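S.K.: The primary structure of each chain is shown beneath.
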Amino acid sequence: MIAAGLRGIGLILLVAYCLAPLLWQAVTSIKPAAELVSLPPLLPTRLTAAHYAALFTGHPFLRIMLNSAIVAGVTTLLALALGALAAFALATLRVRGRALILAAVLSVSMFPPIAVVSPLFLVVSALGLHDTLTALIVTYTSFSLPLAVWLLTNFFRDLPRELYLAARVDGWSPLQALLRVIVPLAAPALVAAGLLIFIFAWNEFLLALTFTATEASRTVPVAIALFPGLHEIPYGEIAAASLVATLPLAVLAFAFQRRIVEGLTAGAVKG
Amino acid sequence: MRAERSFDRPWGFLAPAGLLLAGVTLFPILYTVVLSLQRRSLLEAAPLFVGTGNYLRLAADAQFWNALWNTLYFTAVSVALELALGLAIALLVHAQKRGRALLYGVILLPWAVPTAVSARMWEWMYNADIGVLNYLLGTHINWLGSPTVALHAAIAMDVWKSTPFVALLLIAGLQTIPRELYHAAAVDGASRAMMLRRITLPLLVPLVLVALVFRTIDAMRVFDAIYVLTGGGPGNSTETLSIYAYKTLFQSLDLGYGSALAVCMFLCVAFATLVYGLLLRRRL
Numbered sequence: 069m070i071a072a073g074l075r076g077i078g079l080i081l082l083v084a085y086c087l088a089p090l091l092w093q094a095v096t097s098i099k100p101a102a103e104l105v106s107l108p109p110l111l112p113t114r115l116t117a118a119h120y121a122a123l124f125t126g127h128p129f130l131r132i133m134l135n136s137a138i139v140a141g142v143t144t145l146l147a148l149a150l151g152a153l154a155a156f157a158l159a160t161l162r163v164r165g166r167a168l169i170l171a172a173v174l175s176v177s178m179f180p181p182i183a184v185v186s187p188l189f190l191v192v193s194a195l196g197l198h199d200t201l202t203a204l205i206v207t208y209t210s211f212s213l214p215l216a217v218w219l220l221t222n223f224f225r226d227l228p229r230e231l232y233l234a235a236r237v238d239g240w241s242p243l244q245a246l247l248r249v250i251v252p253l254a255a256p257a258l259v260a261a262g263l264l265i266f267i268f269a270w271n272e273f274l275l276a277l278t279f280t281a282t283e284a285s286r287t288v289p290v291a292i293a294l295f296p297g298l299h300e301i302p303y304g305e306i307a308a309a310s311l312v313a314t315l316p317l318a319v320l321a322f323a324f325q326r327r328i329v330e331g332l333t334a335g336a337v338k339g
Numbered sequence: 669m670r671a672e673r674s675f676d677r678p679w680g681f682l683a684p685a686g687l688l689l690a691g692v693t694l695f696p697i698l699y700t701v702v703l704s705l706q707r708r709s710l711l712e713a714a715p716l717f718v719g720t721g722n723y724l725r726l727a728a729d730a731q732f733w734n735a736l737w738n739t740l741y742f743t744a745v746s747v748a749l750e751l752a753l754g755l756a757i758a759l760l761v762h763a764q765k766r767g768r769a770l771l772y773g774v775i776l777l778p779w780a781v782p783t784a785v786s787a788r789m790w791e792w793m794y795n796a797d798i799g800v801l802n803y804l805l806g807t808h809i810n811w812l813g814s815p816t817v818a819l820h821a822a823i824a825m826d827v828w829k830s831t832p833f834v835a836l837l838l839i840a841g842l843q844t845i846p847r848e849l850y851h852a853a854a855v856d857g858a859s860r861a862m863m864l865r866r867i868t869l870p871l872l873v874p875l876v877l878v879a880l881v882f883r884t885i886d887a888m889r890v891f892d893a894i895y896v897l898t899g900g901g902p903g904n905s906t907e908t909l910s911i912y913a914y915k916t917l918f919q920s921l922d923l924g925y926g927s928a929l930a931v932c933m934f935l936c937v938a939f940a941t942l943v944y945g946l947l948l949r950r951r952l
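Chain order of the listed sequences is A and B.
The first sequence begins at 69 in the working numbering and counts up by one.
The second sequence begins at 669 in the working numbering and counts up by one.
If we strip away everything but chain A, and leave its shape as in the complex, we get (with noise of 0.2 Å):
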């Protein structure tokens, strides 16, 4: 009885930990502006729809949330095509050093982005394509790849390969046998790599500050973390703003949080 009161009071904790700081976003996101510059009121006396009707009025916030959602998106698709090609080579084709290609794809996903931003900056630029989607789409299928190759490698590699001869006897080529055998069956491992790409692709900073100029162009993160003010911070604004723009990912949390933990950790545990 003890244990149980103790574990349901640290499960409380637990959530009142978790939740806490977005619980405070999401309360100064309807607090007047005039309640936000003096603490008390912890609780806004009246509410005001302002701060949301400001991001999208004064703001091309829902430019940037397309944006966003623009990437993210085609970098996941991206991403997982380049990655199931790779891992069926790897897996199903077999190849020569494949240990060694992995830990390679493996040591290139420890990378610090930091140490390759300024020649991508040279090259972005050379190829006209600074302040533009394209630049954030072809750098970050690239640095899901490694993700996106081992989580789909380790799932092909369960597959009985008797599957693929079959189809192969059948006289399919190995992309029909990849296409219509072996990726319908990796449907969960495809769902949970294309999460953790788009989780990534959505929150990436660095890249996306660098290769971006004007505030239509820019990612959800950047305009956050570079919302513009006149005199001072407007905390309503940047309050809201970060409830809208973590409202897909907190979707995507508890709808798909199975395949999210599957994905984070079977790259870990079988690693």
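These are computed hints drawn from the structure, not numbers from a lab.
Just so it is clear, the structure is predicted and the values come from calculations on it, not from any experiment.
Each hint can be trusted.
Computed spacing ranges between beta-carbons, pair by pair:
(1) B:Glu712 x A:Pro108: 51 to 57 Å
(2) A:Ile138 x B:Ala854: 53 to 59 Å
(3) B:Gly945 x A:Thr125: 51 to 57 Å
(4) A:Pro108 x B:Gln764: 31 to 37 Å
(5) A:Thr202 x B:Leu711: 23 to 29 Å
(6) A:Pro108 x B:Ala744: 37 to 43 Å
(7) B:Ala756 x A:Ala172: 34 to 40 Å
(8) B:Leu864 x A:Ala323: 33 to 39 Å
(9) B:His808 x A:Ala171: 48 to 54 Å
(10) A:His198 x B:Gly899: 20 to 26 Å
(11) A:Ala171 x B:Glu712: 36 to 42 Å
(12) B:Ser814 x A:Leu130: 37 to 43 Å
(13) A:Gln244 x B:Ala683: 17 to 23 Å
Cβ atoms here follow ideal geometry from the backbone N, Cα and C, with glycine treated the same way.
Using the hints provided, position chain B relative to the given structure of chain A.
M.R.: Same frame as chain A, but now just chain B:
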């Protein structure tokens, strides 16, 4: 036999990923090394080869040593706290059978919030005059304005954000421990504390190591959290290697010296990876 031959051509499938990785990570890192041997500014066109000049400058640069120290301190303290707290959370959640899915969702939230966004959330809570933290604690701490406090404030934020990852990893580890071990131990009259010490913790060591590797490498690279929360200030008190390198590259526009700093960052991470790699190999 005919079919078997065509299986031997995997390279076409590997090529797209391989070329992209080579172009976006391998080539740039080599280029960074080349840049680090030059005196080169984004403002001037002509680079000048200076050999190890930038590295000699680095050895004598107090701001570099400060940044290196801050990076190591931030990494050591935040990773240690994340492991301790993550273990506690893992044990807590693992013992809870009902509502697991909801709990996972809640735990995932801090991890899923973009770091830049959580930095602004914490910046608001840390506000010295009208921040909720001082109000609730009844204190007047200048969280982000005092050199000694600011780095710890950044660490607290990183712990909030990254502990869920550690906890989830360790929960996965707990789930792989066979229940029979606990039943057998209970039959032998072992106490709960003893089971924790003799069964749970030893069997969890491989995953603790994995969490340690991932978190250490991630914490060493820390950029967004500090860039948005404090910008490296006050003074240079929260400036890490990534921040110093970024400022040198893109604010001072000193590509040569900034690249030397970036190479240092790369070597630090590579060194940590190597050490952990050897450690894990011996372990597993």
